[in-house]
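A.B. asks: Next come the chains, spelled out residue by residue.
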Amino acid sequence: AQSVSQHNHHVILSEAASLELGCNYSYGGTVNLFWYVQYPGQHLQLLLKYFSGDPLVKGIKGFEAEFIKSKFSFNLRKPSVQWSDTAEYFCAVISDYNAGNNRKLIWGLGTSLAVNP
Amino acid sequence: DSGVTQTPKHLITATGQRVTLRCSPRSGDLSVYWYQQSLDQGLQFLIQYYNGEERAKGNILERFSAQQFPDLHSELNLSSLELGDSALYFCASSVSTGGGASGGELFFGEGSRLTVL
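Protein sequence lines correspond, in order, to chains A and B.
First residue of the first sequence? That's 1 in our numbering, and the numbers climb one at a time after it.
First residue of the second sequence? That's 1001 in our numbering, and the numbers climb one at a time after it.
So that you can see chain A by itself, here it is in the shape it has in the complex (with noise of 0.2 Å):
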């Protein structure tokens, strides 16, 4: 079966600090990838996705991704948080392993940031 690993289930960082987010998955054929994120209090939203293209893509408020194929990996960045990035942040995949009408996304349980201001 399908999964998503997120390495980090807390990350506490003080602001200016990089954040890096780790996601692997389980499935080598295609794959769309995203992540969301969830403020406190507020419902999830997308960060960003990739579809297919130049591998790093870039989303809201400063985060990328890049994806490596080779590694199974869809890891999150941002070069300097902000205390107004603490959130939880879901990768999620969703693949060609199951056809047509039984694809369906696959979550990570999640990585819960803290930025210290």
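In case anyone wonders, no lab produced these hints; they're calculated from the structure.
Heads up, a few of these hints could be off.
[Said to hold, decoys possible] Quick list of simulated restraints, FRET-style, between CB atoms:
#	chain 1	residue 1	chain 2	residue 2	range
1	A	Ser52	B	Gly1003	41 to 51 Å
2	B	Arg1018	A	Ser52	41 to 51 Å
3	B	Thr1015	A	Ser52	44 to 54 Å
4	B	Lys1057	A	Ser52	25 to 35 Å
5	A	Asn8	B	Leu1083	27 to 37 Å
6	B	Gly1058	A	Ser70	37 to 47 Å
7	B	Arg1022	A	Gln45	36 to 46 Å
8	B	Pro1070	A	Val11	38 to 48 Å
9	B	Arg1018	A	Lys58	39 to 49 Å
10	B	Ser1079	A	Ile68	38 to 48 Å
11	B	Gly1028	A	Lys61	22 to 32 Å
12	B	Gly1028	A	Val11	16 to 26 Å
13	A	Ser80	B	Glu1062	31 to 41 Å
We put the CB at the ideal spot given by N, CA and C, even for glycine.
With the hints as your guide, set chain B onto chain A.
C.D. replies: Frame of chain A; chain B shown alone:
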């Protein structure tokens, strides 16, 4: 605003009771997904409907059921409630079943917070 509407936002009830959560998807979206988010289990996929038909099932308990109506709104019914059912229930929608043009991108509502006492 994601365009996905969930009601009620907050609900407090007693064990053994039954509640119904409602979701209106974004205009034009045919798929509706239900997720449960709790502190100890993270984001759990419950069930997906596409154009009125059940499309995928996740970790949904037998005490829970859902349906999608002809106008595409969906309801999640939770019965014989237990303390452990206290959670945030999210609805999300997408244009397709998970493949297709949206490639799996979901738009989330703000959630219904259920507290079972």
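A.B. asks: All hints are to be evaluated individually against the structure, with a verdict given for each.
C.D. replies: Evaluation of the provided hints:
{"no.": "1", "hint": "A:Ser52 x B:Gly1003: 41 to 51 Å", "result": "violated (26 Å)"}
{"no.": "2", "hint": "B:Arg1018 x A:Ser52: 41 to 51 Å", "result": "holds (45 Å)"}
{"no.": "3", "hint": "B:Thr1015 x A:Ser52: 44 to 54 Å", "result": "holds (49 Å)"}
{"no.": "4", "hint": "B:Lys1057 x A:Ser52: 25 to 35 Å", "result": "holds (29 Å)"}
{"no.": "5", "hint": "A:Asn8 x B:Leu1083: 27 to 37 Å", "result": "holds (30 Å)"}
{"no.": "6", "hint": "B:Gly1058 x A:Ser70: 37 to 47 Å", "result": "violated (30 Å)"}
{"no.": "7", "hint": "B:Arg1022 x A:Gln45: 36 to 46 Å", "result": "violated (21 Å)"}
{"no.": "8", "hint": "B:Pro1070 x A:Val11: 38 to 48 Å", "result": "holds (45 Å)"}
{"no.": "9", "hint": "B:Arg1018 x A:Lys58: 39 to 49 Å", "result": "holds (46 Å)"}
{"no.": "10", "hint": "B:Ser1079 x A:Ile68: 38 to 48 Å", "result": "holds (45 Å)"}
{"no.": "11", "hint": "B:Gly1028 x A:Lys61: 22 to 32 Å", "result": "holds (27 Å)"}
{"no.": "12", "hint": "B:Gly1028 x A:Val11: 16 to 26 Å", "result": "violated (37 Å)"}
{"no.": "13", "hint": "A:Ser80 x B:Glu1062: 31 to 41 Å", "result": "violated (48 Å)"}
Violation of the numbered hints given earlier is confined to hints 1, 6, 7, 12, 13; the remaining hints are satisfied by the structure.
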